[in-house]
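Number of protein chains: 4
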Amino acid sequence: MTHTIDDKQKLLARVRRIRGQVEAVERALEADADCGRVMHLLASTRAAMSGLMAEVVEDHVRSHLVDAEKHPGALDEEAVEQLLGVVRTYMK
Amino acid sequence: MTHTIDDKQKLLARVRRIRGQVEAVERALEADADCGRVMHLLASTRAAMSGLMAEVVEDHVRSHLVDAEKHPGALDEEAVEQLLGVVRTYMK
Amino acid sequence: MTHTIDDKQKLLARVRRIRGQVEAVERALEADADCGRVMHLLASTRAAMSGLMAEVVEDHVRSHLVDAEKHPGALDEEAVEQLLGVVRTYMK
Amino acid sequence: MTHTIDDKQKLLARVRRIRGQVEAVERALEADADCGRVMHLLASTRAAMSGLMAEVVEDHVRSHLVDAEKHPGALDEEAVEQLLGVVRTYMK
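Protein chains in written order, with our numbering: chain C, 195 to 286; chain S, 195 to 286; chain H, 195 to 286; chain X, 195 to 286.
Incorrect hints may appear among the rest.
Note that identical chains are pooled: a pair holds if it fits in a single copy or bridges any two copies.
What the hints assert, rightly or not - Here are the computed lysine to any residue pairs in the SDA-like style, where the Cα-Cα straight-line distance is at most 20 Å:
| no. | residue 1 | residue 2 |
| --- | --- | --- |
| 1 | Lys204 | Glu220 |
| 2 | Lys204 | Arg282 |
| 3 | Lys204 | Gly245 |
| 4 | Lys202 | Glu224 |
| 5 | Lys264 | Gln203 |
| 6 | Lys286 | His234 |
| 7 | Lys286 | Ala227 |
Hints in this document: simulated from the structure, not taken from any laboratory. A quick note: this is a predicted structure, and the numbers were derived from the prediction, not measured.
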């Protein structure tokens, strides 16, 4: 999916952190933690997941909407930035 | 912003409907309508606004990310559909 | 809906500001403003609407879930704060 | 957190399913699945998490806002339903 080993490692690190957060929710439920704590953990987990989603979408827009080898320079950078600005706002 | 008169008229009709919905919220508050009604009106208005946002984003992606005259065929249709699928899900 | 004249005036001021924002979107579309500007205006309008929604929900929780005259002290303040913390996070 | 063994088991089953979904995202990234697939998996996972959040919030509202033993009948059922209607809409 991603184009560089680095990007892949970064995304994997993020998704593993999210898995850890989901496991924390699971442990909190098992331990009968109070509702407030469970809601707080869930809200953080969802925020982390939205952040990951925004990053994957950004990667998708930059890498896949246009084949840069066949159509170099075709992607309008300013329009991309405007789109990603909206995406980041909505996926927070 | 839009490329055809038709698209523009469609978006304008949508935004005017949203203005009408906001005015209905205003009237409900002025008339001391109950909270439940105000929350319901606000939820519908927000949904309408998200729908409009999704349409404007779609228009933006299809029309502005690539200058189709200079780079015909550069925009990958499948990748666009994948992106818009996510956008629609998030902007509901 | 609200319990004091002040609260009502505050909510009305907010909803009128939102109406003004929707009208700005309308004018931007009429004037063929660029997509980026329209998306930006829409995002701000939606954020303002979410903020209003969070306030109405808060008012609803504090004023209507329990009839304070019949059941004084029945509403658990800490549980209310936990709930509203989540509501504010989600309605941003 | 929850009041019955059944509720707890139901929530635990949900959070474990979500963990499985996060693991599927991880595997997809490791296997260099295409962006579209990763975005689709992430969107489903986030939807499942929002559904769980809505359920925990509902549980919180029904069980913790009012101590039903000390203040029986204090929670206004209609107002609760109006609140939860909004919560479900926003947490989808």
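Hints, verified against the model:
1. Only between protomers do Lys204 and Glu220 lie at most 20 Å apart by alpha-carbon distance; the minimum there is 12 Å, versus 25 Å within a single protomer.
2. Taking identical chains as interchangeable, the C-alpha atoms of Lys204 and Arg282 lie at most 20 Å apart only when both belong to the same chain, with a minimum of 18 Å there against 26 Å between chains.
3. Taking the shortest alpha-carbon separations for Lys204 and Gly245, only the intra-copy value of 13 Å comes in at or below 20 Å, while the best inter-copy value is 28 Å.
4. When the C-alpha separation of Lys202 and Glu224 is checked against a cutoff of 20 Å, the pair qualifies only between copies, where the shortest distance is 8 Å, while the shortest distance within a copy is 33 Å.
5. Taking identical chains as interchangeable, the C-alpha atoms of Lys264 and Gln203 are never at most 20 Å apart, the minima being 27 Å within one chain and 36 Å between chains.
6. Taking the shortest alpha-carbon separations for Lys286 and His234, both the intra-copy value of 16 Å and the inter-copy value of 16 Å come in at or below 20 Å.
7. When the C-alpha separation of Lys286 and Ala227 is checked against a cutoff of 20 Å, the pair qualifies neither within a copy, at 26 Å, nor between copies, at 24 Å.
In the structure shown, a violation is registered for the earlier hints numbered 5, 7, in ascending order.
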